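Student: This is what each chain is made of:
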Amino acid sequence: MGGWLKRHRWVVPYALLAPGVLWLVLFYVYPGIQMFISSFWSGTLETGFTFSLSNWTNYPEALSASSEQFVRSILYAGAATILTFLIAYPLAYTIAFKGGRYKALLLFLVVAPFFTSFLLRTISWKILLADSGILLAPLKAIGILPPEFRLLAEPIAVVSGITYNFLPFMTLPIYVSLEKIDHRLVEAAKDLYAGPWRPGGAIAGIVLGGVLGGVLGYIFEYPVPIWAGVWGIAGGLIGWLFISESFTRITFPLSLPGVFAGSLLTFIPAMGDYVNAEFLGNPSTRMIGNVIQNKFLVQNDYPEASALSFILMAGIIVFVAIYARALGTEALTTGRG
Amino acid sequence: MARTAAAPPVASGRARRAARRVDSASLFVYTGLAVVYLLLPVFVIVLFSFNDPAGKSNFVWQGFTLEYWADPLGVPGLPQAVSLSLLIAFVSTIVATALGTLIGIALVRYEFSLRGATNALIFIPMATPEIVLGASLLTMFVSIGGPPFFPLSAVTILIAHIMFNISFVVVTVRARLEGFPRHLEEAAMDLGANEWTTFWKVTFPLILPGIVAAGLLAFSLSIDDFVITNFTAGKVQTFPMFIYAKYRIGIPVEVNVIGTLIFAIAVGTVGVTTLARIRADARAR
Numbered sequence: 012m013g014g015w016l017k018r019h020r021w022v023v024p025y026a027l028l029a030p031g032v033l034w035l036v037l038f039y040v041y042p043g044i045q046m047f048i049s050s051f052w053s054g055t056l057e058t059g060f061t062f063s064l065s066n067w068t069n070y071p072e073a074l075s076a077s078s079e080q081f082v083r084s085i086l087y088a089g090a091a092t093i094l095t096f097l098i099a100y101p102l103a104y105t106i107a108f109k110g111g112r113y114k115a116l117l118l119f120l121v122v123a124p125f126f127t128s129f130l131l132r133t134i135s136w137k138i139l140l141a142d143s144g145i146l147l148a149p150l151k152a153i154g155i156l157p158p159e160f161r162l163l164a165e166p167i168a169v170v171s172g173i174t175y176n177f178l179p180f181m182t183l184p185i186y187v188s189l190e191k192i193d194h195r196l197v198e199a200a201k202d203l204y205a206g207p208w209r210p211g212g213a214i215a216g217i218v219l220g221g222v223l224g225g226v227l228g229y230i231f232e233y234p235v236p237i238w239a240g241v242w243g244i245a246g247g248l249i250g251w252l253f254i255s256e257s258f259t260r261i262t263f264p265l266s267l268p269g270v271f272a273g274s275l276l277t278f279i280p281a282m283g284d285y286v287n288a289e290f291l292g293n294p295s296t297r298m299i300g301n302v303i304q305n306k307f308l309v310q311n312d313y314p315e316a317s318a319l320s321f322i323l324m325a326g327i328i329v330f331v332a333i334y335a336r337a338l339g340t341e342a343l344t345t346g347r348g
Numbered sequence: 122m123a124r125t126a127a128a129p130p131v132a133s134g135r136a137r138r139a140a141r142r143v144d145s146a147s148l149f150v151y152t153g154l155a156v157v158y159l160l161l162p163v164f165v166i167v168l169f170s171f172n173d174p175a176g177k178s179n180f181v182w183q184g185f186t187l188e189y190w191a192d193p194l195g196v197p198g199l200p201q202a203v204s205l206s207l208l209i210a211f212v213s214t215i216v217a218t219a220l221g222t223l224i225g226i227a228l229v230r231y232e233f234s235l236r237g238a239t240n241a242l243i244f245i246p247m248a249t250p251e252i253v254l255g256a257s258l259l260t261m262f263v264s265i266g267g268p269p270f271f272p273l274s275a276v277t278i279l280i281a282h283i284m285f286n287i288s289f290v291v292v293t294v295r296a297r298l299e300g301f302p303r304h305l306e307e308a309a310m311d312l313g314a315n316e317w318t319t320f321w322k323v324t325f326p327l328i329l330p331g332i333v334a335a336g337l338l339a340f341s342l343s344i345d346d347f348v349i350t351n352f353t354a355g356k357v358q359t360f361p362m363f364i365y366a367k368y369r370i371g372i373p374v375e376v377n378v379i380g381t382l383i384f385a386i387a388v389g390t391v392g393v394t395t396l397a398r399i400r401a402d403a404r405a406r
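So the protein lines, in turn, are chains A and B. Our numbering puts the first residue of the first sequence at 12, with every later residue one more than the last. Our numbering puts the first residue of the second sequence at 122, with every later residue one more than the last.
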């Protein structure tokens, strides 16, 4: 036995891989193929399904009925990805560069929410954002907000829920790539007269903040000029006060692999999420996940639901493939840039 | 840039240090706020496990009570849901950790031609939205239409959980294996140990922390999974499914008690294993 293995060493890795890979092929690859086949079905769960290529019409039918939710999913997931990035980057930066001996504790606090139920956390936001809840009631009482103002059941609540739930997925990869940066590079930049980025930082901040604020205002169905203005001012201030040349030239470019990994880890699950939209939204904030879930588990309309899932997956695979080509799968899966 | 060349020499050391201190202070304040933001919902979950709601819904704070902590499983269906979740988490963790560790070892330790394909097969399930994982398994189970796949049951949930956990185990174990001190194995072989002995006496103890970390991750992913479980469960109910089912009619306070207990146990376990690892690393050095 031992002798045979020594002569056939090439067998060893395949023997180690076999059980796990077999499981993934049987219960990931094969179901994916089956879902594609099911998208060409017609019939019902009771009468049984039949396959026919002429059922390709499932695709245009499914798409035309839910194009609105598809577009909304892209917008909400995109907005949530940008917001998680904006919240996560300074957090990851502080942990990586200023964490000192509290690094491990801070990282632990970032992942701590994962130790409670995802559903309960989302329901907690329902309690926190409630019309007369702990956040809004005081502001309404002192007259800053009108009594009819609400966050819950608005698009902003859905996007906030997604942002909150996926924040650790953004923070950790950015932290990993920042942590690896050689501090001597930053020091060298400073020695070479890299200082505060002025007025460039302020101008970039105003432009980026203005555009982002405008887009978010549009997605949240709030007045776009006000949002663009407020975000522009905030962006300008941050750019003026905090953005240095060593950051734009050294730190940020070197952290891009983490930013890309984090944005994928946020955007992809956000595209398929339906819990936030269901718990925190209203019928007009439904996302594509809600449609798929409803068609599969309530209406039992497997063919159209499969077609929608396939479109969702195909879109994501194209998106990831372009990205993996740019960075390499190994770098992506191991988080090394 | 011309501007930098023309600009006056850098500000004095004191001004620079002062600016850096302001930067640090703002970052620390920000980080404090971010941590509060991250933990706020957890705090709400814990707080509302002590609530004494007037009606069925547990959304508004009414008053303090320990009533539900005295009997956290006193709701019909809840004990079954919790024990099913625990069972599935235990079994899927053990199976996925075993399968994933073997793949991790193969990927780090051996050269073989299907490496790229294997990496892709590990990565793509993690890049698939949960709803697609659940939906594709559901169509497969329905199209096969016979036992053990149909009707859906705890077995189909288990199949799904093992599937999505494998990738996470591989990634975790591989990260630990990559910084592995190969010379220790070579030393053991030089001292006459065969491959089998070397693996169990040298390699395995050293990668065990990675395997434990992977197992903890798999367990927590499994016990909290809702979306994939919802698609593969049929009539049985896990703890997250119990929460979802009760959402419309009012979530019992007992659910918050269980949620708080799970949080406390998870934090305790991770705390203990982290401390143990730090001590082991210190001893190794």
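Because the hints were derived from the structure by calculation, they are not lab data. All values reported here derive from a predicted model rather than from experimental measurement. Hints are not guaranteed to be accurate.
Said to hold, decoys possible - Think about it this way: if two alpha-carbon atoms lie no more than 30 Å apart in a straight line, the pair counts; the simulated DSBU-like pairs of lysine-lysine are:
id	chain 1	residue 1	chain 2	residue 2
1	A	137	B	177
2	A	137	B	356
3	A	17	B	356
4	B	322	A	151
5	B	367	A	137
6	A	201	A	114
Said to hold, decoys possible - Calculated from the model, a selection of chain B residues having no Cβ within reach of chain A, i.e. all distances over 10 Å:
id	residue
7	158
8	201
9	221
10	226
11	261
12	332
Unchecked claim - Chain B is faced by these chain A residues, among others (derived, beta-carbon under 10 Å):
id	residue
13	31
14	290
15	293
16	294
All residues carry an ideal CB built from backbone N, CA and C; glycine is no exception.
Student: Now look at each hint and say whether the structure bears it out.
Tutor: Hints and how they fare:
1. The suggested pairing of residue 137 of chain A with residue 177 of chain B holds, with an alpha-carbon distance near 16 Å, which does not exceed 30 Å.
2. About 28 Å separates the Cα atoms of residue 137 of chain A and residue 356 of chain B, which keeps this hinted pair within 30 Å; it holds.
3. For a cut-off of 30 Å, the pair hint linking residue 17 of chain A to residue 356 of chain B is broken: about 51 Å separates their Cα positions.
4. Of the pairs offered as hints, the one joining residue 322 of chain B and residue 151 of chain A is violated, with about 66 Å between alpha carbons and a cut-off of 30 Å exceeded.
5. About 15 Å separates the Cα atoms of residue 367 of chain B and residue 137 of chain A, which keeps this hinted pair within 30 Å; it holds.
6. A threshold of 30 Å between alpha carbons decides the hint, and for residue 201 of chain A with residue 114 of chain A the separation of about 25 Å falls inside it, so the pair holds.
7. For residue 158 of chain B, the condition that its CB be more than 10 Å from all CB atoms of chain A is violated, with the nearest at approximately 8 Å.
8. Residue placement check: residue 201 of chain B keeps its beta carbon more than 10 Å from all beta carbons of chain A (closest about 17 Å).
9. Against chain A, the non-interface label of residue 221 of chain B is violated: not every CB pair exceeds 10 Å, the least being about 6 Å.
10. A Cβ of chain A approaches the Cβ of residue 226 of chain B within 10 Å, the least distance being about 6 Å, so the stated non-interface status is violated.
11. With a least beta-carbon separation of about 4 Å from chain A, residue 261 of chain B fails to lie farther than 10 Å from that chain, contradicting its non-interface assignment.
12. Look at residue 332 of chain B: its CB is around 14 Å from the nearest CB on chain A, clear of 10 Å, so calling it non-interface holds up.
13. Satisfaction of the interface hint for residue 31 of chain A is found here, the shortest Cβ-Cβ separation to chain B being roughly 4 Å, below the 10 Å cut-off.
14. Hint status for residue 290 of chain A relative to chain B: holds, with the closest Cβ pair at about 7 Å, below 10 Å.
15. Hint on residue 293 of chain A is violated. Least Cβ distance to chain B is approximately 15 Å, over the 10 Å limit.
16. Because the beta carbon of residue 294 of chain A sits about 15 Å from the nearest beta carbon in chain B, more than 10 Å, this interface hint is broken.
Checked against the numbered hints above, the structure violates hints 3, 4, 7, 9, 10, 11, 15, 16; every other hint is satisfied.
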